[in-house]
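Chains as they are written, first to last, in the working numbering: chain A, 1 to 111; chain B, 1 to 112.
Among the clues, some could well be false.
Unchecked claim - Heads up, incomplete: computed chain B residues facing chain A, CB under 10 angstroms, no partners named: (1) 12; (2) 35; (3) 37; (4) 45; (5) 58; (6) 60; (7) 61; (8) 70; (9) 91; (10) 99; (11) 102.
Hint data in this document are derived by calculation from the structure and do not stem from the laboratory. Just so it is clear, CB atoms sit at the ideal spot from N, CA and C, and this is done for glycine as well.
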Amino acid sequence: TQLLEQSPQFLSIQEGENLTVYCNSSSVFSSLQWYRQEPGEGPVLLVTVVTGGEVKKLKRLTFQFGDARKDSSLHITAAQPGDTGLYLCAGWEGGSYIPTFGRGTSLIVHP
Amino acid sequence: DAGITQSPRHKVTETGTPVTLRCHQTENHRYMYWYRQDPGHGLRLIHYSYGVKDTDKGEVSDGYSVSRSKTEDFLLTLESATSSQTSVYFCAILAYSGNTIYFGEGSWLTVV
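Only chain B is shown next, with the shape it has when bound in the complex (with noise of 0.2 angstroms):
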């Protein structure tokens, strides 16, 4: 257990409205990542963070902004929430021990 919590773990919004995840780790991480994961596309990396303020883009940016004012939190935006960002979100953290990837529980997100 890395420690890892997403908030909220369901929600349904409407089309156009804003939208905020939020990722919590627990154990000081330096490196988290925002991917969601959709049928046929496997895990697609949206946004990640290798430091306070310190964020870059993923393969699926568009339409997503992030950000990290502390190490252990990591949020997820979505400034004006369309059908096509249905999708269940993952928050992942890196710990250097085996590069290995650690993920959340998931964030269930419906777009009507």
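Chain A on its own, in the form it takes in the complex (with noise of 0.2 angstroms):
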């Protein structure tokens, strides 16, 4: 079974401030993941990265997907209160239809 650890798991900051959050396996994935989950909600598909090095940016939200495509991270600068919530990442394996879930990263945002 992979396993994908995340890290930070919980965060409290104040708005304006900057943040990482890792996810990190031992195990290659052909693609990452990160979805953002607001209280009483499911959580909702941010970004897919698939190669290996890869940045794609979402506003004030970075993500880079590992060399290796064995970890990822998230970057948000100056964050406000409007990020607040739990960010999950999820890995494919290459021809499985069972993405593997990190347990999240739970961010306040402080006004």
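Both chains are given apart, each in its own frame, so use the hints to dock them into the complex.
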């Protein structure tokens, strides 16, 4: 069973601060995704990265896939209260229809 | 919006009673999943389906059964509910474009 370790588990910061969330594995994934879940709702896909070393930007969010496709990071610049939520990474093995989810990083951004 | 509807959204039931959660999709996706989400454990796969009458177990399938008699409906049954099954249950579907998982809004189940 492949595992995805996310860190930190919890993050509480002030508006305007920067932060980075990590997703690590000892296994190689063909692609990796980041989801955000707001309280009372299901997770929603933010981004998919498929190439080792790939960097994608979504406004103030920057996603990076590690060169060896074993890890990924999510960096948020100038966090806002609207960024509050649970961030989940999910890895896909080639040919599998079952993603591996990390346990999530709970982010709270205080005004 | 992937057209996923879960019902009921909230339920309180007594220990030992059977409970069925329903997931309905409107877009004919082949793969459907049931997850439970608990603090400290993240999302854990209970069962999944890859077609009508084709289902398989996930990592936490004990005490749960599923059925899929139509493409659009995936039912999760707790055969005899226990307090350890108090959780939030999410149904999800796989959209092949980009391997995107779309989740339903969740069903909050409390077993007392």
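Each hint tested on the structure:
no. : hint : verdict
1   : 12   : violated, 17 angstroms
2   : 35   : holds, 8 angstroms
3   : 37   : holds, 9 angstroms
4   : 45   : holds, 7 angstroms
5   : 58   : holds, 8 angstroms
6   : 60   : violated, 13 angstroms
7   : 61   : violated, 13 angstroms
8   : 70   : violated, 20 angstroms
9   : 91   : holds, 9 angstroms
10  : 99   : holds, 6 angstroms
11  : 102  : holds, 8 angstroms
In summary, the structure is inconsistent with hints 1, 6, 7 and 8 from the numbered list given earlier, while agreeing with the others.
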